[in-house]
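Trainee: Throw the hints in and build the complete structure from the sequences for me.
Residues per chain, in single letters:
Number of protein chains: 4
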Amino acid sequence: MKIGIIGATGYGGAEIVRILRSHPYVDECILYSSSDEGVPYHQSYPHLFKLTDQILKPIEIERIAGEIDFLFMAAPPGVSSRLTPQLDSYDVPVIDLSGDLRIKNPDVYENWYKRDSAPRHVLEKAVYGLSELNREEIKTATYIANPGCFPTAVLLGLAPLIKNGLANESFIIVDAKTGVSGAGRKVSVGTHFSEVNDNFKIYKVNEHQHTPEIEQVLGSWDPACQPITFSTHLAPMTRGIMATIYTELKESMTVDRLQRVFSDFYKDSYFVRVRKSGEFPATKEVYGSNFCDIGVAVDERTNRVTIVAVIDNLMKGAAGQAVQNFNLMNGWSETAGLDFTPIYP
Amino acid sequence: MKIGIIGATGYGGAEIVRILRSHPYVDECILYSSSDEGVPYHQSYPHLFKLTDQILKPIEIERIAGEIDFLFMAAPPGVSSRLTPQLDSYDVPVIDLSGDLRIKNPDVYENWYKRDSAPRHVLEKAVYGLSELNREEIKTATYIANPGCFPTAVLLGLAPLIKNGLANESFIIVDAKTGVSGAGRKVSVGTHFSEVNDNFKIYKVNEHQHTPEIEQVLGSWDPACQPITFSTHLAPMTRGIMATIYTELKESMTVDRLQRVFSDFYKDSYFVRVRKSGEFPATKEVYGSNFCDIGVAVDERTNRVTIVAVIDNLMKGAAGQAVQNFNLMNGWSETAGLDFTPIYP
Amino acid sequence: MKIGIIGATGYGGAEIVRILRSHPYVDECILYSSSDEGVPYHQSYPHLFKLTDQILKPIEIERIAGEIDFLFMAAPPGVSSRLTPQLDSYDVPVIDLSGDLRIKNPDVYENWYKRDSAPRHVLEKAVYGLSELNREEIKTATYIANPGCFPTAVLLGLAPLIKNGLANESFIIVDAKTGVSGAGRKVSVGTHFSEVNDNFKIYKVNEHQHTPEIEQVLGSWDPACQPITFSTHLAPMTRGIMATIYTELKESMTVDRLQRVFSDFYKDSYFVRVRKSGEFPATKEVYGSNFCDIGVAVDERTNRVTIVAVIDNLMKGAAGQAVQNFNLMNGWSETAGLDFTPIYP
Amino acid sequence: MKIGIIGATGYGGAEIVRILRSHPYVDECILYSSSDEGVPYHQSYPHLFKLTDQILKPIEIERIAGEIDFLFMAAPPGVSSRLTPQLDSYDVPVIDLSGDLRIKNPDVYENWYKRDSAPRHVLEKAVYGLSELNREEIKTATYIANPGCFPTAVLLGLAPLIKNGLANESFIIVDAKTGVSGAGRKVSVGTHFSEVNDNFKIYKVNEHQHTPEIEQVLGSWDPACQPITFSTHLAPMTRGIMATIYTELKESMTVDRLQRVFSDFYKDSYFVRVRKSGEFPATKEVYGSNFCDIGVAVDERTNRVTIVAVIDNLMKGAAGQAVQNFNLMNGWSETAGLDFTPIYP
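Residue numbers (UniProt numbering), protein chains in the order written: chain A, 1 to 345; chain B, 1 to 345; chain C, 1 to 345; chain D, 1 to 345.
By construction, these hints were calculated from the structure, which means they are not laboratory data.
Misleading hints may appear alongside valid ones.
Pairs count within a copy or across copies, as identical chains cannot be separated in the list.
Calculated lysine-lysine pairs in the DSS-like style (CA-CA distance at most 25 Å, straight line) [what the hints assert, rightly or not]:
#  : residue 1 : residue 2
1  : K2        : K50
2  : K204      : K186
3  : K50       : K204
4  : K50       : K267
5  : K276      : K50
6  : K276      : K114
7  : K163      : K104
8  : K57       : K104
9  : K114      : K204
10 : K276      : K204
11 : K57       : K139
12 : K50       : K104
Mentor: Set out below in structure tokens:
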């Protein structure tokens, strides 16, 4: 199978290249970039020196559609909105890692993203690629809106409670922390080493564009869900997301029973590892892998629940989940080429 | 003035030494340690090479009481419980940086700290040293229970709302993050470099011993306050605490009005800097200084408030606030020897 | 094939487990530890939760010899000296990752390591496992002394010059830098997070125990080689070694010719990637992989050469090279189960 | 005294502001910037919120000369070359932190810096501000070329040997490491957090523009000095430089005698702390201070010397030494406003 990757020079694209290099069903990755045409890819990413000899190609939809069997799009916001309508006339399955195809309501998209939405017919075609929760739809989709990094952790953390109607739908508070690679390779003062190192920052308080994505999915699971409180923090590390989620139980429950709700819910999901009662995951424990690890706690004094979900933002939060969906769409095992052991330490 | 420091080999003790080295009213610091008797202090802390020639002395209460005018105790938990009763017969003012004298109810202390409490008469003598909120009591105290690092950030962040009766007293959720120096110099796998670097961890979910300290103070401000939800995270950095606090307003309020509530509340407090609406502090912006910076946000969709308070855990969260209290107790300016400009970057 | 790992609770052992989990010819890893008998391995290393269900077993040589086909020893210094003589009567091939079997002269070992050497007959049996330079001997060995992390980078960086007689044998200066994981999981103040983060240290100036290992190999390649100058630095990062090597050319040479000497030398060595003239590797570019990347420079003003060699200290510097040798000893492809793409960023 | 700072938005400028805020003889700092005119300074640097109310002013030489008593220039390369000739007609003393006025030979400057040199008459006027070695000339200078960060560490490390004629003048190898703040606040992929964190890089091998600066000063001390070998590395930390210097003794010497040579040489230099034999400084031990700490070793096997010199690149390597020179020029104590205790940890 020949795979195309648009936006290969970003971190998400580079991570797809890393994964597909050892994927059992992939023969070749062809890399496209809006800049850097003609430049050897390993010049952008010397860690791939001698491991790939691909030369970056320009983004020309017709040619791309003719030379590949499957397309990953890992471009900055706005690119997919523009390119997917052009792709529509070709028969190429697409997984889009940007936020462009995730929000079903164009007004909501435009309100949070401050840019034009993709056309409605493309949005309708796109299936939300939260692999564990949407397997059947994904298998038959041709367009996948790959989930955002924060929504992946938050939704996997909340699903067992919301889907089972156990949580107070108007009490969901998410305090999320991310490593800096989530901001991509584009330079800025906010991601300059000397500004981030030994520093801890909050950003986009109540304004993060992943908020409507989370709320849209929660609402689809349970229309009673109310707006959430969501804030995001930048931690001085490269990879990793931790979502610390606070909610209230409708009925009181021991931590052991709560843990069982979670482990039952994910018993057939290889990539979600529910920890034992009293144990909580750290981000490094999923580093470089596609796992989402979850720990839960009940505070008997307040009847509140704390859910901790961690992922590698570039793997389960982007490229890893994309390949998981790629596997599902092709009828392969979900873990094909994706069973990376976390790197520790 | 001659100052004694018990527990000088810990990070809190070393930070007191750093501050007092340039304090206008301090002549000498005498350093005591339960280990390392006879060892030059700069051997433990080479950054002080040539800056101090103190030799570590053993902890002998009678001799200490005879040779100093003021005592800082920066020892591990349990030491102050044991030593303060012995000190009681001498006329030496004490600031204790441990948690031993903070909890008024011995049962609560023993429940959360899992060790014996200090005797009741010592606890009664100890004034809680949250400088900005307790100035008058501190000025006349002889024993100060210096606040914990997390409680300092959390209480300074909540005071304007709780003291003004603006927040829902049964809805207080605190998601706190700290640098690793808060764990002290004692080695452990959990603070081993390779285990912490590029990693983000949660610890002591609903079990942190600072919980009853926060609740005791909140309850003293407003008895209607209910148990809080409190979790603590370890960020891969040396210094800095951020407390992200979520609560609900009793009545809706614009962010500008909320910001005014905070800036009015702290208008006479040099070390609390309330940021403008829409601005949030990062931990590095108070690095090495005694400032607590606070930013606030209102989410109109949920009527919830997010308060962000940052401190340097070794300064305002420990040694800095201790010296601030030392200044108050001696009738000096609160900022004497303490007006360090944050180091950035 | 059934593999035994002694010292599985250290970082080197954990990295062998990570590699062998996806090795095509390995059926099972049995893990031995001198402490922690009976404890599930994932309790020590939660990143392996659900990925291994091994319980740590005690180190009993007879039982070990009976239940495994191949043994990796990743224990602290001194353990192999004691255990390998006991293993001698069994027919189990061993790769030892410690320094115990590397130094042929017991006096030299005892002088630098400050402990008793392994017996002479064991030392004689052990083949030095610098894979690229010693392939034929390794293939037929039963005991491998796996090279130290620094010697691996230094020797791969020097081999093309020394083996070709191009460098001044009395002018070799090595300035080496390592991440903290090289110090293992044993806690100490020197590897405590707050002591290492945002800090750069030199240690063991002219005293590092890897010095005689490097000199022994250089001397075996060219007896004219003189003692080297070698210093090691601790960088605030988890993984990675960079050796910056300074030497003098016997005859002047352009950088392009020098680069060709290196790339020719390693043309059949998959895991050594010689960079183009003017390009130098960074440690992150080999992170999590078994590659050693090398860049070279010539300073025409001084006729000196600068060689930069980087490895991941836990991979090519320990577990990775061990598995590479394991592959060689079993007649498999050198890259079997070992072709990890570096993780970047 | 009214002080002007051109280039206040860079890290060097911000550090001068930090120092001068508590300088006993400075009344006000006026801040100039080629961009950001009219913007409050604390908007660029929120750590100074409420600590300075300066508004950035444009760079207009005539107005500047009229409103200030002393000028610091901390602008990017090329700015001082252009501005200092304009300043020449006014009677304003200037300390320039850029490299523009350091190299006496315009051809050498243009060769290494790849840009036009300042005019010869300005270069002649400029005194090289290596405080400890040039005190008398600095006291009477009106233009100071403040030393580069690397040259400061390297020259202080070499001076006792070169000035005493003890080292082989044709054998000087400098392996230097720096934190990322040395690259300034200007963003680039090379200083992007995700590219630097947990990574160690070498850069400008044999090509660093500080090479001719070091050689010019060494040559002025001893014309027999030959070209040095100099390479620079980027360590994943914010502040700190370590120069590891390798040279050869003309005559053999014990480490104790060598240490005495160094401690005698610097016996009247408060800011240079020569460590005891066998002790070596780490960068964090001078963090935030103006100290240069030095350790020395002799390798009896090779008769080579290893000198380790550390500084905080923004302090002794830039702003700190600039203020030290400012003190000298004004006849004040060298340590006025500059006796910061290192921050540790």
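Trainee: What hint numbers does the structure not satisfy?
Mentor: Result: hints 8, 11 and 12 break, sorted rising.
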